[in-house]
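Engineer: Sequence:
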Amino acid sequence: MVDPIHIPDEPRKELDSKDCVYPDVYEGHFSRLLIRRDEIIGRASKLAELISEDYVGKRPVLVCVLKGAAPFYSHMCEALQDMCQAFSTEFIRVSSYEGSETTGSVKICGGIDYDNIKGRDVILIEDIIDTGTTLSHLIPTLEREARPQSIEVCSLLTKRLDEKPKYQAKYVGFSIPPQFVIGYGLDYNEYYRDLKDIWIISEKGIKFGAA
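Just so we're aligned: the sequence shown equals residues 0 to 210 in numbering that gives the first Met the number 0.
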């Protein structure tokens with residue numbers, strides 16, 4: 000496992016949200032800014048470098064776990080292209096959340112052709128790992144149905160919880176506090192995916208998304 004960048008529990012003094020842009024309708028919906036987009040892009044480049052070193056001479060399949068990982072997936076693909084790393088692409092839709100709580104069950108909604116990853120080295124691109132429930136269900140399913148050569152996970156975020164997650168990714172961008180986060184593909188009831196940066200949601204944001 001690659002050690003993630005640690006985002007502290009307390010607000011980061013060096014982080015200024017004054018020049019952040021977002022739709023006016025979201026005013027007051029954030030508790031605080033957590034990670035800026037430029038930090039994410041920089042971290043994606045570092046993770047791509049590590050992946051390129053591990054897959055020299057190989058052409059892994061990058062599987063985007065929709066919907067949340069889509070922006071991170073795009074930047075990972077661009078960073079790997081800059082490294083001249085060959086890869087192919089696949090997409091899968093998985094859900095384990097309702098509102099701000101994980102349901103404990105996982106729905107795989109299709110979007111992937113198992114034949115395209117059979118016998119291949121697979122890298123799942125995820126947005127966030129908290130309990131690890133999604134991956135603990137998804138990976139055995141892919142192993143059973145597609146029989147890939149290998150499966151690793153690259154996750155933008157991992158959330159620090161009291162209990163150990165059911166799955167730990169090899170490549171991780173940032174370790175974050177146990178707060179519900181939105182933006183950069185991460186949603187609350189399908190709201191806030193359109194934000195450039197990652198924020199902690201406020202009570203007003205939760206009420207708005209629940210309406």
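Simulated from the structure, these hints should not be mistaken for lab results.
All residues carry an ideal CB built from backbone N, CA and C; glycine is no exception.
There may be inaccurate statements among the hints.
Claimed, not checked - Computed spacing ranges between beta-carbons, pair by pair:
| hint | residue 1 | residue 2 | range |
| --- | --- | --- | --- |
| 1 | Arg-36 | Pro-177 | 19 to 29 Å |
| 2 | Asp-112 | Lys-12 | 42 to 52 Å |
| 3 | Ser-73 | Val-20 | 13 to 23 Å |
| 4 | Pro-10 | Arg-143 | 15 to 25 Å |
| 5 | Pro-176 | Asp-15 | 25 to 35 Å |
| 6 | Pro-176 | Val-20 | 39 to 49 Å |
| 7 | Ser-149 | Pro-22 | 38 to 48 Å |
| 8 | Lys-169 | Glu-144 | 41 to 51 Å |
| 9 | Arg-143 | Ser-73 | 28 to 38 Å |
| 10 | Gly-110 | Ser-174 | 24 to 34 Å |
Stated by the list, open to error - Here are the computed lysine-lysine pairs in the DSS-like style, where the Cα-Cα straight-line distance is at most 27 Å:
| hint | residue 1 | residue 2 |
| --- | --- | --- |
| 11 | Lys-158 | Lys-45 |
| 12 | Lys-195 | Lys-206 |
| 13 | Lys-106 | Lys-163 |
| 14 | Lys-158 | Lys-117 |
| 15 | Lys-45 | Lys-106 |
| 16 | Lys-17 | Lys-195 |
Engineer: Hint by hint, note whether the structure agrees.
Structural biologist: Right, here's what the structure says about each hint:
no. : hint                           : verdict
1   : Arg-36 to Pro-177: 19 to 29 Å  : holds, 23 Å
2   : Asp-112 to Lys-12: 42 to 52 Å  : holds, 48 Å
3   : Ser-73 to Val-20: 13 to 23 Å   : holds, 19 Å
4   : Pro-10 to Arg-143: 15 to 25 Å  : violated, 44 Å
5   : Pro-176 to Asp-15: 25 to 35 Å  : violated, 19 Å
6   : Pro-176 to Val-20: 39 to 49 Å  : violated, 24 Å
7   : Ser-149 to Pro-22: 38 to 48 Å  : holds, 41 Å
8   : Lys-169 to Glu-144: 41 to 51 Å : violated, 22 Å
9   : Arg-143 to Ser-73: 28 to 38 Å  : holds, 29 Å
10  : Gly-110 to Ser-174: 24 to 34 Å : holds, 29 Å
11  : Lys-158 to Lys-45              : holds, 20 Å
12  : Lys-195 to Lys-206             : holds, 21 Å
13  : Lys-106 to Lys-163             : holds, 22 Å
14  : Lys-158 to Lys-117             : violated, 31 Å
15  : Lys-45 to Lys-106              : violated, 31 Å
16  : Lys-17 to Lys-195              : holds, 14 Å
Violated hints, listed in ascending order, are 4, 5, 6, 8, 14, 15; each of the other numbered hints is respected by the structure.
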